[in-house]
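Chemist: Sequence:
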Amino acid sequence: MERKEQFLRILGETKIIAVVRTDSQSDMVPVMHALYKGGVKIIEITSTSPNYLETIGSLKNAFGDFDDVFIGAGTILDAAMAGEAVSRRADFIVSPVFEKDVVAGCRDKGIPVMAGCMTPTEIYAAWKAGSDVIKTFPGGICTPGFYRDLAGPFPQIKMMPTGNVNTETAPEYIRAGAVAVGIGKALVNKDLIARGSYAEITGNAERYSALLTKI
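If you number the sequence shown the way UniProt numbering does, the last residue is 215 and the count never jumps.
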């Protein structure tokens, strides 16, 4: 199975991407172990984190033998950023916007890409350009009701919200048609990382996994 197909399969099974903004590169390997233990196998390191490319590299070194672990780069704004992240072995690319060159470059390299969109026109254009999953953003606008409204005209398009995701809304998004949800501070936050609260991170992952995998 190709790596992209495997990524999409694992995404559909686990229904969660952990979106992490961190100040500490060295702590991310035990964080990923904690997430994996709780059932979360996909992590996005945002470009707003210091030394995010080095963090991705250290995670890839630690989890390179795990066929079901995927380390991605988030908040990617242009093709140069995407290319650099891929050169550091990022498994997938996430952007808060729809940038055609980012989608095209990832598509040509066989790298899963998620373009950020808000309107139906943007969503359709990004999907047609080759975005594997559409990241709807911001979540406060792209509510579960938004997903239900779009399920009619766009049943073929995989979509995922980030922001506005908690234990109440996450199941609503999945039931409304989202392929997965991106979860940030509710799953992993800087305080938990700083305190080394890995058991709590695992507990958060287990709670969300139990909520979503049964839907």
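To be clear, the hints were calculated from the coordinates, so they are not data collected in a lab.
No residue lacks a Cβ here, since even glycine has one placed at the ideal position from N, Cα and C.
Heads up, a few of these hints could be off.
[What the hints assert, rightly or not] Simulated DEER-style distance windows between Cβ atoms: (1) Glu84 / Gly152: 15 to 25 Å; (2) Val29 / Arg9: 17 to 27 Å; (3) Ala199 / Glu122: 37 to 47 Å; (4) Pro50 / Gly203: 35 to 45 Å; (5) Pro30 / Thr121: 41 to 51 Å; (6) Lys185 / Ala210: 12 to 22 Å; (7) Ala194 / Ala62: 12 to 22 Å; (8) Tyr124 / Leu77: 17 to 27 Å; (9) Ala129 / Asp191: 18 to 28 Å; (10) Lys109 / Gly140: 24 to 34 Å; (11) Ala104 / Lys60: 38 to 48 Å.
Chemist: Are the hints correct? Go through all of them and say.
Modeler: Quick rundown of the hints versus the structure:
1. Glu84 / Gly152: 15 to 25 Å: Check failed, 39 Å falls outside 15 to 25 Å.
2. Val29 / Arg9: 17 to 27 Å: The hint (17 to 27 Å, Cβ to Cβ) holds, given that valine 29 and arginine 9 are roughly 24 Å apart.
3. Ala199 / Glu122: 37 to 47 Å: For glutamate 122 against alanine 199, whose Cβ atoms are near 40 Å apart, the range 37 to 47 Å holds.
4. Pro50 / Gly203: 35 to 45 Å: For glycine 203 against proline 50, whose Cβ atoms are near 27 Å apart, the range 35 to 45 Å is violated.
5. Pro30 / Thr121: 41 to 51 Å: Since proline 30 and threonine 121 have Cβ atoms about 43 Å apart, the given range 41 to 51 Å holds.
6. Lys185 / Ala210: 12 to 22 Å: Since lysine 185 and alanine 210 have Cβ atoms about 19 Å apart, the given range 12 to 22 Å holds.
7. Ala194 / Ala62: 12 to 22 Å: Distance hint for alanine 194, alanine 62 holds at roughly 20 Å.
8. Tyr124 / Leu77: 17 to 27 Å: 22 Å, holds
9. Ala129 / Asp191: 18 to 28 Å: 38 Å, violated
10. Lys109 / Gly140: 24 to 34 Å: Between lysine 109 and glycine 140, where Cβ atoms are some 33 Å apart, the hint holds.
11. Ala104 / Lys60: 38 to 48 Å: 24 Å, violated
Checked against the numbered hints given earlier, this structure breaks hints 1, 4, 9, 11; the rest are met.
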